[in-house]
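Asker: These are the residues of each chain, in order.
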Amino acid sequence: MTTETNEKRMTHTVVPAVNILETPSSFIVSLDIPGAVKENVNAAIENNTLLVTAEAADITDTENAEPARQFRREFSLANDIDLQSIDANYNDGVLTILLTKKQQYLPKKISIN
Amino acid sequence: MLVRFQPVSNIFDEIDTIINSTLVPFPAGNRSERSGRFSSLSVKDSGEQLHVSLELPGLSKQDVSVNVNNDILTISGERKQPEKKENEQWIRNEIRYGKFERTITLPYSVDVEKVSASHENGILSIILPKHEKAKPKQISIR
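Protein sequences appear in the order of chains A and B. Just so it is clear: in the first sequence, position 7 is 7 by the numbering used here, and no numbers are missing. Just so it is clear: in the second sequence, position 87 is 87 by the numbering used here, and no numbers are missing.
It should be emphasised that the hints constitute simulated quantities derived from the structure, not laboratory data. Where hints are given, some of them may not hold.
[Unchecked claim] With a Cα cut of at most 35 Å, we get these calculated DSBU-like pairs of lysine-lysine:
1. A/Lys101 <-> B/Lys137
2. B/Lys80 <-> A/Lys101
3. B/Lys85 <-> B/Lys99
4. B/Lys114 <-> A/Lys101
5. B/Lys137 <-> B/Lys114
6. A/Lys109 <-> B/Lys99
7. B/Lys133 <-> A/Lys102
8. A/Lys108 <-> B/Lys114
9. B/Lys44 <-> A/Lys101
10. B/Lys80 <-> B/Lys135
11. B/Lys99 <-> B/Lys130
12. A/Lys38 <-> B/Lys44
13. A/Lys109 <-> B/Lys85
14. B/Lys137 <-> A/Lys38
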C-alpha cells in the first residue's frame, strides 16, 4: 500500500544565535544563518531598530529550492550608533554587521598642554 | 469545568524574543543558550545514496573533516572563537565555539571511493552512494 503525503510546506521562523562584541569604536554583531545565499539575507535599520531577515532552504529537503526557513531577529539600537555607517557581510553562513559608534561617543584622549 | 490544556512552552519563546530584541546586556543564564547546542543534522536516504547535511556556520572547509570507516560516518571539526582584545567586551555570546564530533551509523555499506562532500554557506553536505554489494540482487532461478 502506498500512502500519499500531501503536506503543505510550512515555513518556520528561526531566531538566529547572535554574538555581539563591543569595541571602543563599534559593535560587531554576528548571526548564525546557515544555508542562505547572500541575496536572501537582509539587514535594515528603521526607527532605531536593526532588523535581520533571511530565507534559507530547509536542509532536510535539498531538492526543493523553495525557501522553507525564515530567519528573523530584531535589535533595538541605542543612540550612540551612527546609522550612516553600517557595514554587513555574509560569509560561511554567518552574517556580520559592523555598527560604528557616533563620533561624540568615541573615547577621546585629551592631551594636556 | 474542563479546560483544554494549553502548553505554556511558547511563553518562553515570547520572553526570549523580548530579551533578545535589545543590545543591552542581560544577566547570564537566559534560555537562548540552547540555540546552537547541537548543529542541525539531516540524513536522507534515497535508496541509492545517503545525503547527509549538517549546519556548520562560521567554519571554513579547512576546519571540518569527514571520515567513513566501517559504515560509520564521522564529522569533526572546530569552530574557533574570534579573538577578543583587552578593550573589547562581549555583550551577547550565544554562539558556541570549540571542537565537535558527530558520528552516524550508516544503514548500509557505502562506496567510500565515491563519497563526496561540499561546504557552502555554512552547510556541510555529504553524498554517500550505496556500495554495489549492499544493493539487492535479483537471483534468477534455473
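Asker: Is A/Lys38 within 35 Å of B/Lys44, Cα to Cα?
Answerer: This hinted pair holds, its Cα atoms lying about 26 Å apart.
Asker: Given the hint that B/Lys114 pairs with A/Lys101, does the C-alpha gap stay at or below 35 Å?
Answerer: violated, 52 Å
Asker: Would the hint linking A/Lys109 and B/Lys85 be met if the CA-CA limit is 35 Å?
Answerer: holds, 19 Å
Asker: Would the hint linking B/Lys99 and B/Lys130 be met if the CA-CA limit is 35 Å?
Answerer: holds, 30 Å
Asker: Would you check the hint for B/Lys80 and B/Lys135, treating anything up to 35 Å between C-alpha atoms as holding?
Answerer: Outside the cut-off at roughly 41 Å; violated.
Asker: Holds or violated: B/Lys133 and A/Lys102, Cα atoms, limit 35 Å.
Answerer: The given pair, whose Cα atoms are some 66 Å apart, is violated under the 35 Å limit.
Asker: Hey, B/Lys137 versus B/Lys114, does the alpha-carbon distance stay inside 35 Å?
Answerer: holds, 21 Å
Asker: Below or equal to 35 Å on CA atoms is what counts here, so check A/Lys109 against B/Lys99.
Answerer: It is violated: about 41 Å lies between the C-alpha atoms, which goes past 35 Å.
Asker: B/Lys44 and A/Lys101: Cα distance at most 35 Å?
Answerer: Violated, because 46 Å separates the two Cα atoms, which is more than 35 Å.
Asker: Tell me if the straight-line CA distance from A/Lys108 to B/Lys114 falls inside 35 Å.
Answerer: Violated: A/Lys108 and B/Lys114 sit about 60 Å apart, past 35 Å.
Asker: Is the straight-line distance between the alpha-carbon of B/Lys137 and that of A/Lys38 35 Å or less?
Answerer: Given pair B/Lys137, A/Lys38 is violated - Cα atoms ~46 Å apart, limit 35 Å.
Asker: Is B/Lys80 close enough to A/Lys101, meaning Cα to Cα at most 35 Å?
Answerer: holds, 27 Å
Of the numbered hints stated above, those contradicted by the structure are hints 1, 4, 6, 7, 8, 9, 10 and 14, listed in ascending order.
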